[in-house]
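Please construct the entire structure, taking both the sequences and the accompanying hints into account.
Line by line, the protein sequences give chains B and R.
The opening residue of the first sequence carries number 1 in my numbering; numbering runs sequentially from there.
The opening residue of the second sequence carries number 1001 in my numbering; numbering runs sequentially from there.
Hint data in this document are derived by calculation from the structure and do not stem from the laboratory.
Please read these numbers as outputs of a predicted model, since none were measured by experiment.
C-beta atoms are modelled at their ideal positions from N, C-alpha and C, and glycine is treated no differently.
Not everything, but these chain R residues come out facing chain B in the computed CB check (under 7 Å):
1. S1258
2. D1260
3. A1268
4. L1285
5. N1288
6. V1315
7. A1316
List of simulated lysine to any residue pairs, SDA-like, C-alpha gap at most 20 Å:
8. R:K1373 <-> R:E1108
9. R:K1122 <-> B:L111
10. R:K1122 <-> B:I115
11. R:K1254 <-> B:F266
12. R:K1254 <-> B:W270
13. R:K1254 <-> B:G110
14. R:K1254 <-> B:I227
15. R:K1254 <-> B:N269
16. R:K1254 <-> B:E109
17. R:K1122 <-> R:T1149
18. R:K1254 <-> B:V225
19. R:K1254 <-> B:R117
20. R:K1298 <-> B:F144
21. R:K1254 <-> B:A274
Estimated spans, in silico, between C-beta atoms of each pair:
22. B:I5 <-> R:K1333: 49 to 57 Å
23. R:G1322 <-> B:V150: 27 to 35 Å
24. B:P246 <-> R:N1425: 52 to 60 Å
Residues per chain, in single letters:
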Amino acid sequence: METFIQIGINALSLGAIYALLSLGFAVIYNTVRIFHVLHGAAFLIAGYATWWLAQEQGLPIFFAASIAVILAGASGIFMELAVYRRLRVRGAGFLVSFLGSLAALFFFEGLLLTIARTTARLPRPGGPLPTFNLQIEALDIDLFIKWHAVNTIVLVAILVLAVTLFFRYTKWGRMIRAIASNPDLAVAVGINASQVYLMVFVLGSTLAGIGGVMQTYEGGVIPNVGIRLAITAAGGVIIGGIGSMPGAVVGGLALGLAQTIASYYFGGNWAIPAGFILLLLVILFRPYGLLGTREHRELRRLL
Amino acid sequence: MYFGPIRARLLMAFAALVSTALIVVACGADPTATPTPVPPTATPTSAPAMDDTPDPTPTPVPPTPTPEPEPQVLKLGFTVPQSGSYARWGRLVSAMQCAIDEVEASGELGSTTIELLPEDSKADQAEGVSGLRKLATVNDAPVIMTIFTGIGLAQKPVASELEVVLFSSGIQNPMFAYDSPWVFRNALNTTLNADALIRWLDDYAGGSGEDLSGFRYAYIKEEGNDSIDLQIDRLRVLADALGFELVAEETFQKDDVSFDTQITKIRAAEPDAVQLFSLGKEMGLIINTMAQQGLQPKYLLSGGGAEGNTELIDVAGAAANGLIYSAPGQFDKEADERAPRFIDCYSGKEGNEPDTYATHFYDGTLVIAEALKLGADATSSESMRDHIAQVREITGLAGLWVFDEGGDAWAPPGIGEVQNGEFVNLVPQIEPYRDIQ
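Next up, the structure:
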């Protein structure tokens, strides 16, 4: 029982980070229709900014993290203006946009590698994170649970709710949904698509940045994980259902659960393959994703 | 074009003249011509005169001085990262230079000197091989030092092809010096790390050693690392022979940041000792995760990868204190009179005291110098190879190195402990289990 609970907490904590990444990816993909592998860069920007501001400049961690998230969000503007808008203006298709995104990510990682080296950067003094001891004698439970894991799960739940409310009840949310649903019609009724695209990149990158801060605080950040993060995010979106925001969250959680279970039963080296096996199974047996619907299948043409 | 009679004759005359000139030049220096013999220099004799008049004392002729042997220079190449993520390994150049300075100052090499030629390998196999080729073919270095298993193993066949000596003081993979007359090393065979830790538990732990029969042992290792896998194989052999039990065997991938699940499993197995097999920052993260989940085994161990790993201390902080690690033969600063001179020399160049790897490369340079003392021709790779092979043992700063016939060296590993964020020697050298195969 104790082990089961610990595994559950591990899966939820890992899945929460993946859910955040997938949600950010979904916000961008559903609107702009590009395979935004540069999404990993927002994660890295937030991670490194947190470390630099907290450890090198001595800022309190909360301020450092806040500034880092803002920087991650701002990087989304740069990505849209410097990479994707230029490609769009030149009539670049899906594949060219993907390759452009990939090239930009590798360039960015190379730059980070040169500047920051491969040393893990931790934005706090070294040592274990604070935990609390959960003891239930009747069930023979004696667990130590990280406060950071609890914080992550709660924060992600709040963010998912906030994003849901944003899309449902705000003007910007409606505009984004309109562009995502029918860009031509949305433009015809006067919605400025360029501004909407900027907004989704800011929103998606901010979500990735928050994930970067949470992950970096626990385990540090290294430069060469951007592509892995982007693929994880995309995997979560596909598993949950392209076009479905709740699906992206569920997909991310499912990835975390699959990796945790595989790691427990087969070893840590099976964590990443397990995620891809799950992706493959979903594609084969439920091609529109766990929460996707048949109408969302239309969006998958672009893959 | 029509040549009139006069022009044709002029042309023919010119051609004849040129041909004649060519013939004269060609015949003027005949490389096969026997040189005109020079009569030998008459040497004075002291034949006695026939009459009673005493012979005048012949003027002594000073003996023809024996020409001084040409001073030899051993060009010692070294492929080592000097840029990029692994640039800090360039410090080993300083260690080797200190050894060269020490040996040359002692006068034991006579007029022979050693010229160290570092070549930036960028910690890349292709660059390492390219660097070796350049050192061997352009710089004519008969001996080339190297570091890093992947690079060394890639260089090994090239060294054999080019017939130059490849030497390493840092490659611990057992296959490096195996089966090649051109390859040597003075580096701890990585499998001895397992022996060192188990021997320490057996003889020293808790003051007088632990009873290993029934001892519960767990480990977590980085997947896809040959050196680690060899240590695991040796660990299994020792477990069978000594009766301790491997109760949990977990893995992770390089660059993983989450180890919660693996530690959950290990915790459930209730081990007496947990060993960490990692070469990077993951070791610190694993230690943190263990503390976070309340896993506090009696012994926390690491076989290689811990000593000098500053990332471990940065990430784990005080949680790393008490980690017992095995390491190549420890630098005993009290034991050797050369030690303070090495520390001064190295500190002057690098700004900090030398670590184990620096010490080993110092000792490796001593091995090469020993070959010169035995009479090796510094310009001949064959001669250097044959004389290095004659070095069977040498006492360096890391202790006694013993070399087998294959050019492989072993020295008993040592044991250390992380104390207050510092890497402290506990036992300089521990005997491996030579009787357990």
